[in-house]
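Starting from the given sequences, assemble the full structure and let the hints guide the process.
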Amino acid sequence: LAKTTQPISMDSYEGQEVNITCSHNNIATNDYITWYQQFPSQGPRFIIQGYKTKVTNEVASLFIPADRKSSTLSLPRVSLSDTAVYYCLVGDRNYQLIWGAGTKLIIKP
Amino acid sequence: NAGVTQTPKFQVLKTGQSMTLQCAQDMNHEYMSWYRQDPGMGLRLIHYSVGAGITDQGEVPNGYNVSRSTTEDFPLRLLSAAPSQTSVYFCASSYHRGGAKDTQYFGPGTRLTVL
Numbered sequence: 131l132a133k134t135t136q137p138i139s140m141d142s143y144e145g146q147e148v149n150i151t152c153s154h155n156n157i158a159t160n161d162y163i164t165w166y167q168q169f170p171s172q173g174p175r176f177i178i179q180g181y182k183t184k185v186t187n188e189v190a191s192l193f194i195p196a197d198r199k200s201s202t203l204s205l206p207r208v209s210l211s212d213t214a215v216y217y218c219l220v221g222d223r224n225y226q227l228i229w230g231a232g233t234k235l236i237i238k239p
Numbered sequence: 023n024a025g026v027t028q029t030p031k032f033q034v035l036k037t038g039q040s041m042t043l044q045c046a047q048d049m050n051h052e053y054m055s056w057y058r059q060d061p062g063m064g065l066r067l068i069h070y071s072v073g074a075g076i077t078d079q080g081e082v083p084n085g086y087n088v089s090r091s092t093t094e095d096f097p098l099r100l101l102s103a104a105p106s107q108t109s110v111y112f113c114a115s116s117y118h119r120g121g122a123k124d125t126q127y128f129g130p131g132t133r134l135t136v137l
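Residue numbers (my numbering), protein chains in the order written: chain A, 131 to 239; chain B, 23 to 137.
No wet-lab data here; the hints were simulated from the structure.
Do not take every clue at face value.
To give a feel for the contact side, a few chain A residues facing chain B, derived at Cβ under 7 Å [what the hints assert, rightly or not]:
1) A158
2) T164
3) P170
4) P206
5) L219
6) V220
7) G221
8) G232
Using N, Cα and C, we set each Cβ at its ideal position, and we do this for glycine too.
Take a look at the structure:
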């Protein structure tokens, strides 16, 4: 059974780099690992996804080691507006979606 | 495109009442799903559909019914509301059911309180 584990909460300061790691096992060998961001009173929204190694877009980077048993979301130079809950999402061999419990990130001035 | 829309935004029910939460998407997505999110907790899958006429149960289906008569609409019915169903409900859709690589698009949510 696929399972994910991520820290419940983290805090940091404006301008810092923040790394959030999700551990996942028994994920589908051909599926991607995806991260979502959720602000209060809104639905989650897609941030970034990858299969392995490193992926970067305009808002984040995603590091996935060769064994794909974890992934690390990296937010460069965070601001107060990055305060949100971040979820990792993986799929199991039956295409069932397995959501992490979410990491509440608080950015302080 | 409006994306995923949900109505109502807020609802208060009394125990035993029934109601339907509406969800619609205009992206021609095959896969649609319903989640509930309780305070401080993550997303739990209630029901999902891989296409019109096809639905299946998720992690927490008891007390809820769904149907999918069209590609666009996926209503969630509460048969007899209970206080334990107080939650925020999110509808989501994706192009198809391909696992985590298919981007999930979420609606704005319905905040339901059962007294």
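Evaluation of the provided hints:
1. The beta carbon of A158 (chain A) is positioned within 7 Å of a beta carbon in chain B (closest approach about 6 Å), and the interface hint is therefore held.
2. About 5 Å separates the beta-carbon of T164 (chain A) from the nearest beta-carbon of chain B, less than 7 Å, and the hint is met.
3. Nearest Cβ of chain B to the Cβ of P170 (chain A): about 10 Å, over the 7 Å cut. The hint is violated.
4. Below 7 Å, beta-carbon pairs count as interface contacts, and P206 (chain A) has none with chain B, the closest being about 22 Å; its hint is therefore violated.
5. Using the Cβ-Cβ criterion of 7 Å, the hint placing L219 (chain A) at the interface with chain B is satisfied: the shortest such distance is roughly 5 Å.
6. The beta carbon of V220 (chain A) comes within 5 Å of a beta carbon in chain B, closer than 7 Å, and the hint placing it at the interface holds.
7. Interface hint status for G221 (chain A): upheld, as the beta-carbon distance to the closest one in chain B is roughly 3 Å, under 7 Å.
8. For G232 (chain A), the suggested interface contact is upheld, since its CB lies about 5 Å from the closest CB of chain B, less than 7 Å.
Of the numbered hints listed earlier, those contradicted by the structure are 3, 4.
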